[in-house]
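Could you build the full structure based on these sequences and the hints that come with them?
Taken in order, these protein sequences are the chains called A and B.
Using this note's numbering, read the first sequence as starting at 7 and increasing by one per residue.
Using this note's numbering, read the second sequence as starting at -14 and increasing by one per residue.
Because the hints were derived from the structure by calculation, they are not lab data.
It should be emphasised that the depicted structure is a prediction, and the values quoted were computed from it without experimental measurement.
Every residue, glycine too, gets a C-beta built ideally from N, C-alpha and C.
Honestly, I wouldn't trust all of these hints.
The following label-pair restraints were derived from C-beta to C-beta distances [unchecked claim]:
#  : chain 1 : residue 1 : chain 2 : residue 2 : range
1  : A       : G29       : B       : T(-11)    : 26 to 34 Å
2  : A       : Y67       : B       : V179      : 41 to 49 Å
3  : B       : G186      : A       : T96       : 47 to 55 Å
4  : B       : E159      : A       : Y77       : 44 to 52 Å
5  : B       : K70       : A       : D93       : 53 to 61 Å
6  : A       : Y77       : B       : E21       : 27 to 35 Å
7  : A       : Y67       : B       : V137      : 41 to 49 Å
8  : A       : L98       : B       : K241      : 36 to 44 Å
9  : A       : E100      : B       : G97       : 46 to 54 Å
10 : A       : Y67       : B       : D227      : 24 to 32 Å
11 : B       : P47       : A       : V69       : 43 to 51 Å
12 : A       : T96       : B       : G71       : 52 to 60 Å
13 : B       : K241      : A       : E100      : 33 to 41 Å
14 : A       : E100      : B       : K70       : 45 to 53 Å
Covered stretches of chain A, as calculated for chain B (at least 3 residues, CB under 8 Å) [stated by the list, open to error]:
#  : stretch
15 : 53 to 62
16 : 68 to 79
Only part of the chain A face toward chain B is listed, based on derived beta-carbon distances under 10 Å [to be verified]:
#  : residue
17 : G29
18 : K30
19 : V33
20 : W39
21 : M42
22 : K43
23 : K45
24 : S65
25 : C83
26 : C86
27 : A87
28 : E89
29 : F92
30 : L98
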Amino acid sequence: MSDEHEIKITCYDDLQPAPVTMGKSLVFKTGSWRTMKPKIDLEKCKKCGFCWKFCPDMSIYEVDEYPVIDYDYCKGCGICANECPFDAITMLEEDLE
Amino acid sequence: MKHTIPQEEYMERGHMACLGCGGAHAMRYLLKGLGEKTIIALPACCWAVIPGVYPYSCMDIPLQYVAFEVTGAAISGIEAALKAKGKKDGTTVVGWAGDGGTADIGIQALSGAVERGHDVKYVCYDNEAYMNTGIQRSSATPRGAWTTTTPVGSTKAWKQTPKKNIVEIMVAHEIPYTCTASVAYPEDIIRKAVKMKEIEGPCYMQILAPCPTGWKYPPEKTIEIARLATETCIFPIYEVTDGKYKINKRIRDDKKKNIIDYFRTQGRFRKLDETTIQQIQSSVDAEWELLKKKEKCFGEEI
Ligand SMILES: Cc1ncc(C[n+]2csc(CCOP(=O)(O)OP(=O)(O)O)c2C)c(N)n1
Ligand code: SF4
Ligand code: SF4
Ligand code: SF4
Ligand SMILES: [Mg+2]
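If you want it as structure tokens, here you go:
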């Protein structure tokens, strides 16, 4: 076997596994799964934070105290709209060009 | 914006859970309570897929994949190794498995781990079936539910046996802390996670984590349905600390909803007949009364 094809296994005396570079799941833009798109009406929003709290995809963040949706990752589940006590979020059909 | 739960996230966007997955909520909230010095071992289940494809992961903490049967053994080993190396201090070792991996396949290893008294926290996210392999029934599937192995047709009808009460099985092990929780109550999950972290010894938590894919409901209903499960008392929220029972979500008799309100929200219960619904309602009522008695007899103030 030539040197190039040799697999190097690193072993340490305290038995740590060989170091691997892990990447973050941020490379997966799950927003592409979406068929329905949440839209926040800031006029109606009372800044209660429920939408942020109940988003299973961590796709709501805060700007100037108001919630903002991260459409790169939001899958369009609609939980934020369902849980908003002030009906400030509407689900609209995604523009599927 | 108001924040009633900590803002730190230990889970990233871009994970692979279905839209509206209650299992994603469960992990998000648990980690907010446990914090970054946490190691998780997890077996085959939806959560083995959710973090993403190697070498990418949505988790900001170490994750160890283990075989289906051995979550309890794996966390015992991790805890023992950390202790032997003098590195246990402040690190929380967690086993995280589905209801199938807990109530059926991993129950022996779990029982062994807590009986030996390891300082481990075992968390079951309960979606009431084997979801990752296509919705087969587990022993934690409730009576009356459709699954692909309890099909509803002319000769067969839904799951006939009741949901296995794993929580009471864990209480019977006389461990320091056992509790139920639900994704409808994030503050409660976080408080319980912090409590488990502070206790030295084995703890068990079971989080109700509705699954739109397997329970057959639209994804926006996850939190609403989880809340209904507690308001109808089919999934009560309580904790048992050193043998003392405490109901954390008290449902007043005049506020208690009928089980039909819960069943109606989900396709898996759609074909249930009136007689069976009444039978289930009676057993839910009886279980709830029993729980209240346990709280009274073995509660904080006797
Ligand atoms: C020993 C063994 N048997 C069966 C399987 C196949 N399998 C993988 S995930 C899974 C279902 C897990 O169900 P549960 O623990 O409830 O987690 P969920 O997928 O519902 O989140 C099964 C049967 C396996 N991986 N290993
Ligand atoms: S849940 Fe509704 S009112 Fe509350 S912060 Fe979100 S959009 Fe605003
Ligand atoms: S639709 Fe779902 S994923 Fe998108 S922001 Fe709302 S809760 Fe989050
Ligand atoms: S099948 Fe259910 S538990 Fe599994 S990822 Fe999808 S919603 Fe979550
Ligand atoms: Mg399951």
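So, going through the hints one by one against the coordinates:
no.: 1; hint: A:G29 with B:T(-11): 26 to 34 Å; in the structure: holds (32 Å)
no.: 2; hint: A:Y67 with B:V179: 41 to 49 Å; in the structure: violated (24 Å)
no.: 3; hint: B:G186 with A:T96: 47 to 55 Å; in the structure: holds (49 Å)
no.: 4; hint: B:E159 with A:Y77: 44 to 52 Å; in the structure: holds (50 Å)
no.: 5; hint: B:K70 with A:D93: 53 to 61 Å; in the structure: holds (54 Å)
no.: 6; hint: A:Y77 with B:E21: 27 to 35 Å; in the structure: holds (28 Å)
no.: 7; hint: A:Y67 with B:V137: 41 to 49 Å; in the structure: holds (43 Å)
no.: 8; hint: A:L98 with B:K241: 36 to 44 Å; in the structure: holds (37 Å)
no.: 9; hint: A:E100 with B:G97: 46 to 54 Å; in the structure: holds (49 Å)
no.: 10; hint: A:Y67 with B:D227: 24 to 32 Å; in the structure: violated (41 Å)
no.: 11; hint: B:P47 with A:V69: 43 to 51 Å; in the structure: violated (32 Å)
no.: 12; hint: A:T96 with B:G71: 52 to 60 Å; in the structure: holds (56 Å)
no.: 13; hint: B:K241 with A:E100: 33 to 41 Å; in the structure: holds (40 Å)
no.: 14; hint: A:E100 with B:K70: 45 to 53 Å; in the structure: holds (51 Å)
no.: 15; hint: 53 to 62; in the structure: holds (count 7)
no.: 16; hint: 68 to 79; in the structure: holds (count 7)
no.: 17; hint: G29; in the structure: holds (4 Å)
no.: 18; hint: K30; in the structure: holds (5 Å)
no.: 19; hint: V33; in the structure: holds (6 Å)
no.: 20; hint: W39; in the structure: holds (7 Å)
no.: 21; hint: M42; in the structure: holds (9 Å)
no.: 22; hint: K43; in the structure: violated (12 Å)
no.: 23; hint: K45; in the structure: violated (14 Å)
no.: 24; hint: S65; in the structure: holds (6 Å)
no.: 25; hint: C83; in the structure: holds (4 Å)
no.: 26; hint: C86; in the structure: holds (8 Å)
no.: 27; hint: A87; in the structure: holds (6 Å)
no.: 28; hint: E89; in the structure: holds (6 Å)
no.: 29; hint: F92; in the structure: violated (13 Å)
no.: 30; hint: L98; in the structure: violated (14 Å)
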